[in-house]
Structures are given as C-alpha cells and as structure tokens.
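Peer 1: Please put together the full structure from these sequences, using the hints given.
First to last, the sequence lines map onto chains A and B. Counting from 1, position 18 in the first sequence corresponds to residue 18 in the numbering used here; the numbering is continuous, with no gaps. Position in the second sequence counted from 1, then plus 1000, gives you the numbering used here.
Note that these hints are calculated values from the structure, not bench results. Keep in mind that a hint or two might mislead.
Unchecked claim - Result set (DMTMM-like, lysine to aspartate or glutamate): computed pairs, CA atoms no more than 20 Å apart in a straight line:
1) Lys1057/B <-> Glu1/A
2) Lys1057/B <-> Asp2/A
3) Lys56/A <-> Asp66/A
4) Lys41/A <-> Asp1085/B
5) Lys106/A <-> Asp1085/B
6) Lys57/A <-> Asp83/A
7) Lys57/A <-> Asp17/A
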Amino acid sequence: EDKVVQSPLSLVVHEGDTVTLNCSYEVTNFRSLLWYKQEKKAPTFLFMLTSSGIEKKSGRLSSILDKKELFSILNITATQTGDSAIYLCAVGMNYGGSQGNLIFGKGTKLSVKP
Amino acid sequence: KAGVTQTPRYLIKTRGQQVTLSCSPISGHRSVSWYQQTPGQGLQFLFEYFSETQRNKGNFPGRFSGRQFSNSRSEMNVSTLELGDSALYLCASSFGGSGAGGTQYFGPGTRLLVL
Chain A
1 EDKVVQSPLS LVVHEGDTVT LNCSYEVTNF RSLLWYKQEK KAPTFLFMLT
51 SSGIEKKSGR LSSILDKKEL FSILNITATQ TGDSAIYLCA VGMNYGGSQG
101 NLIFGKGTKL SVKP
Chain B
1001 KAGVTQTPRY LIKTRGQQVT LSCSPISGHR SVSWYQQTPG QGLQFLFEYF
1051 SETQRNKGNF PGRFSGRQFS NSRSEMNVST LELGDSALYL CASSFGGSGA
1101 GGTQYFGPGT RLLVL
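Peer 2: This is the structure:
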C-alpha cells in the first residue's frame, strides 16, 4: 500500500533554532512531493518538488527531494513563533485511486517557544 | 484570484441526521477533492470530482457521497450521521486536467460536530 511517513510527529524548539522535518514515502507511481503548512484552518501550499537534488527556497524555508532514497526534508532556519503549525507532506501520484491523487503523511507538529 | 470557499464553516448535527457541505473551487480549476481530517487519522481522502464526474473514491462508506456541478462547484453529503463523523472536512481544488498529482489548494474547511 502506498504510504507517506513523517518524522518527528512533534517538535518543540526555541526561537532562532533551525529545524529539519522529514518525509519518506513508498508509492507505486510517484509524480510530485508537496509540503503544506496548517495552522488552525486550511493547509497552505509551501513547495512542490519533482526533481531530485534541486533545492526550493522561500525565505527561511527550504526543501529538497531525494528520489533515489525516497525522502524529502523541509528546513526552517531562524524559527519564529509564527512558524508554529502542523507541517504536512503529501505525495502526488500519476494516477488516482482509493487514496486519492495526493497521499498525506500524519504531519509534524512544530511548536516554537519565545 | 479568490481562493477556495467552503460553506458552512461550522455545523452541529445530531446522530441520524444528514448534512450537505458546499465547496467553490478557484476560478478555472476543474478538479475538486474532499478530505476528512481528524486528530487520529490525519487527512483521509473521500473522493475527487473532475468535469462533473467522480474520478476517484476513497475507502469511506456509502453514507458519504458527492457531486459536482457544471460550474465546478461541488457538494458532499453525509447521511445517517454517526458520532465518528465529527471532523474537519476540507475541500481542495486543482486544475486537474493532466490527471493526478498536481498542486491542490485548500479551502478553510467545514468543522462538523455530531452530537
């Protein structure tokens, strides 16, 4: 069965720390890997990765994909309290099915303390 | 461009009732996917509609159904509500034309509480 596993499930850090969130996957027909940030409401899109080894950056956030080892990481540098959220990793499939077009991990809950 | 909108935002129902939730996708998006999110199970896929047709369906009982209209707006219906149906129901839209795996943009969700 296709699956996406995120680690750690929760993380508590202090402002200014750098964090690395992990996402590994096993899917039969990979197309893309996506990261979302979810605060109290809708998940908001962060990155979509399709190629190995190419880092995507947006401000203090960056992400990279390794299609050989089947994982991705999301880095957040100089964390701020506003980064506190659940970070979701999802894998996009080339075809849909009973798990849908995007399969989500359970998320990593990040808490940044002042 | 307006984002994905969902109505209502909050809903309280009792067991045995039915409920209809609505989702309007981003203009130009033809695919609408529905998810149920609970603390224990995370985001679970319900179904996806594209051009008024159900393209994929998740592993939920037949009490969960949906439809899509010609303007891409979608509704989902849950009949004979159970306590375990209490959850955040999220709708996501994407262009969808090339099939699966593209970026999906989420609405704010409908929080359903079943008493």
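Peer 1: Of the hints given before, which are not true for this structure?
Peer 2: Every hint satisfied by this model.
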